[in-house]
Amino acid sequence: MEIKEQNKLIQFQNIVKDFDGQLVLKGISLDIYENEFVTLLGPSGCGKTTLLRILAGFLKQSEGNVIFDKEEISELPPYKRELNTVFQKYALFPHMNVYENIAFGLKIKKMSKDVIEQKVMKMLKLIGLEGFERRNVTLLSGGQQQRIAIARALVNEPKVLLLDEPLAALDLKLRKEMQYELKRIQQEVGITFIYVTHDQEEALTMSDKIVVMKDGEIQQVGSPIDIYNEPENRYVANFIGESNIISGIMKEDYQVCFDDMDFACVDFGFKKNEMVDVVIRPEDLDIVKEDEGKMNGVVKSVLFKGVHYEIMVETVPGTTVSVKMNVTREHDVASSDAKERISANNFYVDLADVKDLNDAEIIARADAQAWDPDNGDYLSISKIEYELKEEVGTYPVTFSTSSGTSVTTSIMVVEQKYVENKKKNEAISAFNFFKTADEIKESVAIDTDLKTWANAQGWKLSDESDVEIEDVEYDFDPDTIKEGVYQVTFSTKGRVFKIHTTDFVEEGSEVGLNFHPEDIHVMSKMGY
Amino acid sequence: MKTFRRLTYPYIAWILAMIVIPMILIVMYAFTQQGNEVATLHFTFDNFMQFFTDMDFLRTLWLSLRIALMTTVLCILIGYPIAYMIAMSSSKRRNLYILLITLPMWINMLVRTYAWIGILSDNGLINSLLSAIGLQPQKLLYTDFAVVLGMVYNFIPFMILQIESSLAKMDKSLLDAANDLGADRWQRFVKVTLPLSLPGVISGITLVFLPAVSSFVIPKLLGGGGYMLIGNVIENQFITVGEWNFGSAISMIMAVIIMISMYVTKKLDKSDDALSRKRGSVR
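Protein chains in written order, with numbering that gives the first Met the number 0: chain A, 0 to 527; chain B, 0 to 282.
Among these hints, one or two may not hold up.
[Unchecked claim] Restricting the straight-line Cα-Cα distance to at most 25 Å, the calculated cross-link-like pairs of lysine-lysine (DSS-like) are:
#, chain 1, residue 1, chain 2, residue 2
1, B, K171, A, K88
2, A, K59, B, K171
3, A, K121, B, K190
4, A, K109, B, K190
5, A, K182, A, K158
6, A, K423, A, K271
7, A, K88, B, K190
8, A, K88, B, K168
9, A, K271, A, K524
10, B, K171, A, K108
11, A, K79, A, K59
12, A, K106, B, K190
13, B, K171, A, K112
14, A, K118, B, K190
15, A, K79, B, K190
16, A, K79, B, K171
[To be verified] Selected chain A positions facing chain B (in silico; Cβ < 8 Å):
#, residue
17, A55
18, F67
19, Y78
20, K88
21, A90
22, F92
23, H94
24, G104
25, F131
26, R151
27, N155
28, Y377
29, L378
[Stated by the list, open to error] Residues from chain B that keep clear of chain A, each with C-beta distances beyond 12 Å, as calculated:
#, residue
30, I18
31, F30
32, D45
33, M48
34, L60
35, M69
36, S88
37, R92
38, T101
39, A177
40, L193
To be clear, the hints were calculated from the coordinates, so they are not data collected in a lab. A virtual CB, placed ideally from N, CA and C, is assigned to each residue, including glycine.
The task is simple: from the sequences and hints, build the whole structure.
Encoded structure:
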């Protein structure tokens with residue numbers, strides 16, 4: 000630590016920046032040392048480029064200090080700062096050739112011609128573009144322009160090189176190549192690189208130190224290995240690499256509980272029974288035989304990803320509820336002179352909702368309709384008769400038109416059926432329902448319609464917030480359905496782990512999942 | 000695509016009728032004697048001889064070129080800073096400035112030039128002001144100064160708009176890059192902004208020099224009846240003297256001079272490129 004203290008090259012001290020009242024940086028404090036490859040990582044709009052532009056001198060911070068080499072440089076114009084920038088779209092001067100572009104900074108410094116030539120040639124060699132000095136920069140490939148932009152900056156021998164998403168415009172293969180190239184160049188010239196990117200893979204590959212940013216704040220600073228293995232919160236874990244993140248409770252040091260099971264871990268220092276987030280990386284989970292691992296589950300899907308399979312294993316099934324769907328015949332009634340037809344469905348209603356029923360509501364729920372069979376025009380239902388009690392039971396209801404055509408159906412008052420799942424802290428409910436075969440055949444999104452018809456809902460027991468119904472299962476073919484009673488099952492999403500492995504397993508097979516205590520990483524919940 | 004080509008036929012016909020045929024006529028007139036019937040065309044170089052042997056005509060040509068050149072240089076010197084200011088301002092202000100620059104062009108050029116007579120004449124606006132503060136009145140109207148002023152005033156919007164559009168087109172990150180590489184504002188301007196705006200300056204020169212060299216309304220109004228530029232000479236030959244053949248010959252001479260000057264300007268632009276390429280190649 001003592002030695003590092005001396006090599007502190009740049010210090011951001013509580014940098015705040017607002018654009019017209021909008022806070023872009025909310026107090027950034029960060030130290031950058033000599034010869035470091037530092038990456039500012041975050042999604043677009045997180046303030047990383049703003050921080051870089053403040054350091055370069057193109058923007059001025061609203062508050063805070065920028066210390067460069069023990070000097071406060073906030074008042075220094077860009078051209079007096081001992082750092083150079085590689086711009087996102089390279090910003091090569093189109094009216095100059097390769098040589099002149101690279102020599103630009105040296106000519107400004109009024110160096111002698113032969114010194115400039117020596118330095119430019121050395122740079123061209125470093126970036127592997129010897130013999131390109133007379134080329135027109137606008138006719139070069141993206142990768143070559145990129146290298147020239149780097150050479151143009153490095154030739155000035157800055158103490159720090161700033162790179163603003165320099166690889167964003169390149170294709171994947173070239174980007175990978177340039178990643179190694181940049182790292183090599185950084186090690187060869189031995190200066191500090193500050194690299195801005197939104198690409199977590201780039202950051203992991205090249206950096207000595209990664210600064211993860213979000214909404215103008217630093218989330219975590221650390222080496223790639225630290226950041227990957229010991230993310231500080233859910234955001235960082237999600238942003239860097241893929242991960243399974245589970246809510247859990249830290250029972251005591253070295254023991255965490257999630258999905259109603261206790262697991263040994265290597266984390267400590269949390270409060271007793273503190274709510275935490277638990278990260279398990281997909282590659283840290285091993286698939287073993289059933290009952291041989293720490294958890295059991297069912298393989299939900301297997302995706303081939305090239306090097307590995309991405310396997311989804313459900314360890315805790317979701318909460319399910321089954322209802323009966325009564326498929327009925329067309330039950331419309333014709334008037335005696337066959338000038339009118341009328342139809343309605345039976346329907347179920349919750350005991351608690353009976354008092355809210357009125358005529359319009361009953362017509363809607365029963366889907367009562369009257370029409371003229373000759374031209375298909377709808378007719379109004381003018382009369383509706385029923386007698387309802389706030390008791391479980393079946394009550395007839397009669398709908399009629401003004402000319403007296405009528406149909407009678409039933410309202411079934413029931414107590415709403417719902418399934419509670421304490422382990423997953425959720426509940427789900429749905430109603431039995433009546434539909435005609437035609438209505439089912441006409442549905443274009445049968446899963447969604449079934450949810451609507453059955454009024455299927457899921458909610459969290461703790462705060463009644465909505466839980467999405469992930470799965471709708473049924474055993475009929477909607478295109479050829481006939482009258483009868485069918486079972487429809489709704490379920491919420493279970494606990495699913497993503498696993499990266501090179502071993503193939505069959506979809507639907509039952510497997511065990513194994514991991515070591517050190518594969519679990521426990522994080523504090525993000526602050527609210 | 001072939002069917003679309005047919006759509007160009009009306010334009011080709013238009014160009015033929017309005018540009019090509021008159022040009023051919025001018026060439027024909029220039030090389031023939033007056034009073035020819037079409038059947039008995041008599042070709043001659045006399046019209047050209049007449050022009051190049053008469054010192055008065057040559058002096059007028061020289062004056063025209065000088066006035067046009069002066070106008071162009073002044074348009075660059077005044078127009079560039081204005082264009083730069085417009086290009087660097089926010090887009091809302093930019094639109095306003097461009098509107099202000101183009102606004103006078105909505106009014107007939109003749110009327111605007113007449114307005115200058117009112118301002119410059121012996122008891123006009125400027126001289127009234129001068130005498131009001133106790134200074135000697137100056138002869139302003141019917142001088143070279145008045146003619147150049149009228150031309151600069153009329154043609155400067157073309158220069159400003161051309162330069163402005165080439166400056167606005169410039170990638171602003173190039174300015175950051177120049178700054179970043181150690182260039183202060185002046186160095187940045189000389190090494191990056193100016194060279195990148197040269198194409199705009201070149202096309203501005205074309206748009207100002209050409210109308211200036213052949214203008215006859217402005218010199219007539221602001222230079223006075225005796226003030227002769229080459230455009231006035233041509234006008235006279237056609238309208239007052241009725242020497243269409245001689246007038247056509249002068250027009251042709253002007254056309255050749257303009258072509259040469261355009262060629263030279265283009266070359267200048269190119270050689271600038273070539274020069275920079277060479278400088279890199281010395282190693």
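Status of each hint after checking the structure:
no.: 1; hint: B:K171 to A:K88; verdict: holds, 11 Å
no.: 2; hint: A:K59 to B:K171; verdict: holds, 18 Å
no.: 3; hint: A:K121 to B:K190; verdict: holds, 24 Å
no.: 4; hint: A:K109 to B:K190; verdict: holds, 14 Å
no.: 5; hint: A:K182 to A:K158; verdict: holds, 16 Å
no.: 6; hint: A:K423 to A:K271; verdict: holds, 21 Å
no.: 7; hint: A:K88 to B:K190; verdict: holds, 20 Å
no.: 8; hint: A:K88 to B:K168; verdict: holds, 15 Å
no.: 9; hint: A:K271 to A:K524; verdict: holds, 14 Å
no.: 10; hint: B:K171 to A:K108; verdict: holds, 23 Å
no.: 11; hint: A:K79 to A:K59; verdict: holds, 15 Å
no.: 12; hint: A:K106 to B:K190; verdict: holds, 10 Å
no.: 13; hint: B:K171 to A:K112; verdict: violated, 29 Å
no.: 14; hint: A:K118 to B:K190; verdict: holds, 20 Å
no.: 15; hint: A:K79 to B:K190; verdict: holds, 18 Å
no.: 16; hint: A:K79 to B:K171; verdict: holds, 20 Å
no.: 17; hint: A55; verdict: holds, 6 Å
no.: 18; hint: F67; verdict: violated, 14 Å
no.: 19; hint: Y78; verdict: holds, 5 Å
no.: 20; hint: K88; verdict: holds, 6 Å
no.: 21; hint: A90; verdict: holds, 4 Å
no.: 22; hint: F92; verdict: holds, 6 Å
no.: 23; hint: H94; verdict: holds, 5 Å
no.: 24; hint: G104; verdict: holds, 4 Å
no.: 25; hint: F131; verdict: violated, 10 Å
no.: 26; hint: R151; verdict: holds, 7 Å
no.: 27; hint: N155; verdict: holds, 7 Å
no.: 28; hint: Y377; verdict: violated, 51 Å
no.: 29; hint: L378; verdict: violated, 56 Å
no.: 30; hint: I18; verdict: holds, 35 Å
no.: 31; hint: F30; verdict: holds, 45 Å
no.: 32; hint: D45; verdict: holds, 50 Å
no.: 33; hint: M48; verdict: holds, 47 Å
no.: 34; hint: L60; verdict: holds, 36 Å
no.: 35; hint: M69; verdict: holds, 29 Å
no.: 36; hint: S88; verdict: holds, 18 Å
no.: 37; hint: R92; verdict: holds, 17 Å
no.: 38; hint: T101; verdict: holds, 29 Å
no.: 39; hint: A177; verdict: violated, 7 Å
no.: 40; hint: L193; verdict: violated, 10 Å
Checked against the numbered hints above, the structure breaks hints 13, 18, 25, 28, 29, 39 and 40 and satisfies the rest.
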